[in-house]
Amino acid sequence: MLATAACAGPAPRRAEAEPPHRPSPDSSLIDQPGAPQPGEWTLPGRDYAGTRYSPLDQITAANAGNLRLAWSFSTGFARGFEGQPLVVAGMMYVVTPYPNKVFAIDLSRPGGPLRWSYTPPTDPASQGEACCDVVNRGASYGDGKIVFNRLDNVTVALDAKTGRVAWQTTLGDIAKGETMTMAPLIVGNRVFVGNSGGEMGVRGWITALDLGSGKVLWQATHTGPDLDVKIGPRFKPAYDWLKGKDRGVSSWPGEQWKIGGGTVWGWVTYDPELDLLFYGNGNPGVWNPDLRPGDNLWTTAIFARDPATGEAVWAYPTTPHDSWDYDAINENIPLDLTIGGRPRKVLLQMGRTGYVYLLDRQTGQVISATPFEHVNWSSGVDLKTGRPQVAKDKETHEGVNTTGICPAATGAKDQQPAAFSFRTKLIYSPATNLCMDYKGTSVGYIAGTPYVGAEVMMYPGPGGNRGEFIAWDPVAARKVWAIPERFPVWTGALVTGGDVAFYGTMEGWFKAVDARNGKVLWQLKTGSGTLGNPITYLGPDGKQYVAVYSGVGGWSGAVALGLDTTDPTGALGFVNGMKDLPSYSQPGGTVYVFALP
Amino acid sequence: MSSRCRSAAVGAGMLALLAVGACTQGAGGSERPVRGRSMPAADSTSRAAGVNPGIHPAVVLGELRNPYTGDRSAIATGQMLFNAMNCAGCHSGYAGGGMGPSLRDSTWIYGNSDAQIYSTIVEGRPNGMPAWGGKLPEEQIWKIIAYLRTLGTSNEPVKPPKPAYTVYQPPK
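Residue numbers (this note's numbering), protein chains in the order written: chain P, 1 to 597; chain G, 1 to 172.
Bear in mind the hints are in silico, worked out from the structure with no lab data behind them.
There's no promise every hint is true.
Claimed, not checked - Below are the DSS-like pairs computed for lysine-lysine, each with C-alpha atoms no more than 30 Å apart in a straight line:
no., chain 1, residue 1, chain 2, residue 2
1, P, Lys-525, P, Lys-345
2, P, Lys-394, P, Lys-230
3, P, Lys-394, P, Lys-258
4, G, Lys-162, G, Lys-172
5, P, Lys-230, P, Lys-215
6, P, Lys-392, G, Lys-172
7, P, Lys-384, P, Lys-479
8, P, Lys-392, P, Lys-425
9, P, Lys-215, P, Lys-258
10, G, Lys-172, P, Lys-579
11, P, Lys-394, G, Lys-172
12, P, Lys-345, P, Lys-236
13, P, Lys-243, P, Lys-425
14, G, Lys-135, P, Lys-392
15, G, Lys-135, P, Lys-479
16, P, Lys-394, P, Lys-161
17, G, Lys-159, P, Lys-579
18, P, Lys-394, P, Lys-479
19, P, Lys-176, G, Lys-135
20, G, Lys-162, P, Lys-236
21, P, Lys-425, P, Lys-384
22, P, Lys-525, P, Lys-543
23, P, Lys-479, P, Lys-543
24, P, Lys-258, G, Lys-135
25, G, Lys-135, P, Lys-579
26, P, Lys-394, G, Lys-135
As the list claims (entries may be wrong) - Which residues of chain P face chain G? A partial, calculated answer using Cβ under 8 Å:
no., residue
27, Gly-112
28, Trp-116
29, Pro-120
30, Ala-125
31, Ala-130
32, Cys-406
33, Gly-518
34, Trp-522
35, Ala-558
36, Asp-564
37, Pro-568
38, Val-575
39, Ala-595
40, Leu-596
Predicted model, so just to flag it, every value in this text is computed and none were measured.
Yeah, the Cβ is synthetic: ideal placement off N, Cα and C, and Gly gets one too.
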């Protein structure tokens, strides 16, 4: 699908050798299925592949130093502000953290006044079911509708012009610990959504809805009998240990699978050529692995499904019997790359595990798994069996304090998504450099309350910088450059046809860097820490703008919302790794928009 | 709201009157969601709990005091219950907070008197705190409160652990 762009050309050269940027008039013609008009941003990752690449090229390495604030908009909600706005037909759409208010900002008028806003009747009790702050990762646009998920498990479609509710469908139950935080993906007339609650003993699922009516088309769970998981004749996993009937039951003790996790709170991508949907799911419940002997299928797994029927085509669990909370929910980017001289249809995931996975997206077979941060929980992935080679001394158990595990439960990267440039052929990715102590503890299941059973404390990994922003060459499987940061980088990445990449820090710095060499071209301190994913668009005035949310919180920034740093196990151990964050960043909730003068 | 109130009413007899009162007023539609940690809810529940001007529960119920304050054995049991009943799941193992607010600091969103903390646990609160009335006996709730009073003091029965590393260094 992305063949013309991704296969052509040699491996990227060193930055110094790059010629100055030349505008490429044909860059908007690059084959990016699902991408909107060049000036718009209608899906969470902009195109079906979730590349977060925009062909816009007014802002270049040569002029990015002149960027300045164009306007800002305070939402009034000072909680962790993940996700990204959408821009369609001269309007910007913003979904806030709980209560998931939606703002429609008119970009055609000075200062961006509101065309409409919508406050849903989201149940306040849902705030007590959200593991990691009351975040929301954004909306998708299709057929004149803005579609998003409420924290209390209602998928809502609003008329983009009026803000009126077109339909709403209730899909989960907060009394069981379920919430919804992910951004839906719209492909054709279908909307794909999933649940959150891996820390609450939830049974994870993905669901397809009809875009016209909100009717449920199909639902597939990630634990339990094959019938529920939608494993049937079309399911062909790449490895023998994944074969057999009802492995989503037999790889668990007793009925543990019923509260076994495998939630879908990250990103969904799509390949129209193979007509396959890709996504990963979350950790097995409970965090204490001794309570669930077995491979705990189909959790921490990357799935390929038929979008029409939901049938599973293959699945690949990155950490069978996970004992570190390495959810596999990170974005899966389909790319066509030449690997070892062979053209391959690749699915790339920057994993929480610390590995960059290249899978064959037709079969689910691992092509390679290369560490991009410090990894010691395993020595690699056995390419014959597809299983990780786990370091015995980094396994976790009940009553045992396993120390110095890298990466921490946060992963070497969490949900904040990477970007791929069709010009440099590089992946741009946020990264986290934290390690942890992890002790399994006894815990009983009480519906609607956390089901974790682990005492975790995090701290900086080797070198001491807790994060970085990296450029990764997916063909050569190596880091091309890295910008170290004090805190984990918790924004997504954006890269443009002007060869400029954008990201933000948890202190609140928003940065433009030269995509070819990582040189910081410009930065501005926003009012709060940034966790949102930058986007770029053309305003009605024909100018290129860049937008990002600023609002600290989420899991990584929970300590800035008022937790007590004398309990190092707070926020599932993240507090210990971020004790100094409140000195740099206080809560906020603002949309920032930047442009050249 | 109704199920929360029902379970509250099943709970400790001492607060049954209060819970029913909150239920009636809550059903009247005066309850509204309040975000964040510092703003008390301007609803009937919190008014009953004495956060806003109104009748303090102690006035209604007489002087309500924790019989276990300072009792070492009760504090140890309270610490055990805090974990076993999953208070720790939301408020973290040493109550520094996570999904739920910190209970180690000096901020008590719904009031810091024994009666206020008791009614918060029994009734639940609208922004995510479940109602434990009917699930936890009165005596156990008081023991948990006795434990909460020791947090950050020399009487804290199990002190927060220290991580193995300040900055992880891989072995050579």
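Hint check:
1. P/Lys-525 to P/Lys-345: 40 Å, violated
2. P/Lys-394 to P/Lys-230: 34 Å, violated
3. P/Lys-394 to P/Lys-258: With a Cα-Cα distance of about 27 Å, the restraint between P/Lys-394 and P/Lys-258 holds, given a limit of 30 Å.
4. G/Lys-162 to G/Lys-172: The hint holds at about 24 Å.
5. P/Lys-230 to P/Lys-215: 19 Å, holds
6. P/Lys-392 to G/Lys-172: 18 Å, holds
7. P/Lys-384 to P/Lys-479: 25 Å, holds
8. P/Lys-392 to P/Lys-425: With a Cα-Cα distance of about 37 Å, the restraint between P/Lys-392 and P/Lys-425 is violated, given a limit of 30 Å.
9. P/Lys-215 to P/Lys-258: 25 Å, holds
10. G/Lys-172 to P/Lys-579: At roughly 28 Å apart (the allowed maximum being 30 Å), P/Lys-579 and G/Lys-172 satisfy the hint.
11. P/Lys-394 to G/Lys-172: Between P/Lys-394 and G/Lys-172 the Cα gap is close to 17 Å, so the pair holds against 30 Å.
12. P/Lys-345 to P/Lys-236: Distance ~17 Å between P/Lys-345 and P/Lys-236 Cα, so the pair holds.
13. P/Lys-243 to P/Lys-425: Distance of about 36 Å is beyond 30 Å: violated.
14. G/Lys-135 to P/Lys-392: 41 Å, violated
15. G/Lys-135 to P/Lys-479: Violated, at roughly 54 Å.
16. P/Lys-394 to P/Lys-161: 53 Å, violated
17. G/Lys-159 to P/Lys-579: Holds - the C-alpha atoms of P/Lys-579 and G/Lys-159 are around 18 Å apart, at most 30 Å.
18. P/Lys-394 to P/Lys-479: It holds: about 25 Å lies between the C-alpha atoms, which stays within 30 Å.
19. P/Lys-176 to G/Lys-135: Judged against 30 Å, a Cα distance of about 17 Å means the pair holds.
20. G/Lys-162 to P/Lys-236: 47 Å, violated
21. P/Lys-425 to P/Lys-384: 28 Å, holds
22. P/Lys-525 to P/Lys-543: 23 Å, holds
23. P/Lys-479 to P/Lys-543: 33 Å, violated
24. P/Lys-258 to G/Lys-135: Distance ~23 Å between P/Lys-258 and G/Lys-135 Cα, so the pair holds.
25. G/Lys-135 to P/Lys-579: Roughly 35 Å separates the two Cα atoms, so the pair is violated.
26. P/Lys-394 to G/Lys-135: Not OK: P/Lys-394 and G/Lys-135 at ~38 Å, beyond 30 Å, violated.
27. Gly-112: Hint violated; P/Gly-112 Cβ to chain G Cβ min 24 Å, cut 8 Å.
28. Trp-116: 21 Å, violated
29. Pro-120: For P/Pro-120, the interface hint is violated, since the closest Cβ of chain G sits about 11 Å away, which is over 8 Å.
30. Ala-125: Interface hint status for P/Ala-125: holds (6 Å vs cutoff 8 Å).
31. Ala-130: Since the shortest Cβ distance to chain G is 7 Å, the answer is holds.
32. Cys-406: 6 Å, holds
33. Gly-518: 24 Å, violated
34. Trp-522: At 31 Å from the nearest chain G Cβ, P/Trp-522 fails the 8 Å test, so the hint is violated.
35. Ala-558: With Cβ-Cβ at 7 Å, under 8 Å, it holds.
36. Asp-564: 4 Å, holds
37. Pro-568: 6 Å, holds
38. Val-575: For P/Val-575, the interface hint holds, since the closest Cβ of chain G sits about 6 Å away, which is under 8 Å.
39. Ala-595: Since the shortest Cβ distance to chain G is 32 Å, the answer is violated.
40. Leu-596: 36 Å, violated
The structure fails to meet hints 1, 2, 8, 13, 14, 15, 16, 20, 23, 25, 26, 27, 28, 29, 33, 34, 39 and 40 from the earlier list, while all remaining hints are met.
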